[in-house]
Amino acid sequence: MNAARYLGAHCSVSGGLYRAVERIEGLSGTALQIFTRNQRQWKTSPVKEQEAEQFRQALQQWGDYPVFSHDSYLINLASPDREILKKSVQAFAGELKRCALLGIPGLVTHPGAHKGQGLDKGLQAYVRALDEALDLALQQCPESADVEVLLETTSGQGTVLGSTFQELDFIISTSKNSDRLGVCFDTCHVFAAGYDMRTRESYNATMQTLDSTVGLQRVQAVHLNDSSYGLGSRGDRHEHIGKGEMGLEPFRLVLNDPRFYDVPMVIETPKDKAGKWDLANLNLLRGLVR
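In full-length UniProt numbering, the protein residues as written are 1 to 290.
Treat the hints with care, as some may be off.
[To be verified] Result set (DSSO-like, lysine-lysine): computed pairs, CA atoms no more than 27 Å apart in a straight line: (1) Lys87 / Lys121; (2) Lys43 / Lys243; (3) Lys121 / Lys86; (4) Lys273 / Lys176; (5) Lys115 / Lys176; (6) Lys86 / Lys48; (7) Lys176 / Lys243; (8) Lys121 / Lys176; (9) Lys276 / Lys243; (10) Lys243 / Lys273; (11) Lys48 / Lys87; (12) Lys87 / Lys43; (13) Lys271 / Lys176; (14) Lys86 / Lys176; (15) Lys115 / Lys87; (16) Lys243 / Lys271; (17) Lys86 / Lys115.
Calculated directly from the structure, the hints in this document are not laboratory data.
As the structure is a computational prediction, the values presented were derived from the model and not from experiment.
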């Protein structure tokens with residue numbers, strides 16, 4: 001397969017981190033995203049060395065495939081609330097350290113929400129806190145320098161940042177750690193934010209805009225999700241591939257775009273306990289690869 005060599009899913013770590021590797025193998029996946037901790041709690045236990053070694057061995061046995069982590073949903077590095085901001089900086093530094101310990105080279109993160117302080121102030125606050133968290137992680141764990149931060153495109157719901165390519169470009173160009181920042185392109189979020197991809201012409205226009213701002217070379221991961229909401233709705237709800245408002249064409253185009261052949265792509269579509277929905281979505285995507 002020439003296109004989209006790295007295609008997989010976000011998998012559960014229930015039962016142990018290594019179980020996510022078993023699950024992606026069961027889907028014949030070649031890319032993996034996980035949470036390394038409970039994403040809905042501030043408190044978390046440190047990764048034990050035995051658990052880390054077990055996970056690293058599972059990755060090695062799986063193959064030389066890309067893996068990345070998604071940070072906690074509670075983290076908001078743009079928060080105007082001092083207590084939440086302090087917790088967010090510490091938690092994000094912890095996420096970076098966990099990735100370093102587990103041998104995970106990329107950490108996907110939502111660029112925060114300004115919570116009413118305004119877009120400009122929110123973006124500036126986010127960059128300051130992001131740099132602070134990166135510095136803190138580096139002090140506590142020098143190996144965290146090898147972990148790349150992947151800013152995820154967002155839908156623009158509420159006061160979240162990162163729904164335009166210009167906002168992501170501001171973060172990257174303003175941060176003193178720009179060399180460690182990349183982008184995770186979420187198809188659902190981009191579509192809901194107003195970037196159309198349902199025809200070759202609109203897809204090309206969206207990619208041209210992305211390239212002229214952030215730069216396509218910054219895209220280091222792709223989330224393949226359909227959208228329950230329409231173009232420009234700013235709603236954030238993932239749907240099964242081809243079952244939402246986007247149709248199949250955006251996925252066909254991105255999967256067969258030579259510029260993304262080496263970029264890992266994972267689905268975050270609705271799940272069932274048996275994993276049958278993930279398999280169905282992945283098989284549908286595989287069928288789109290030319």
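Q) Where does the structure disagree with the numbered hints, that is, which hint numbers, in rising order? A) The structure conflicts with hints 2, 4, 7, 13, although it agrees with all the remaining ones.
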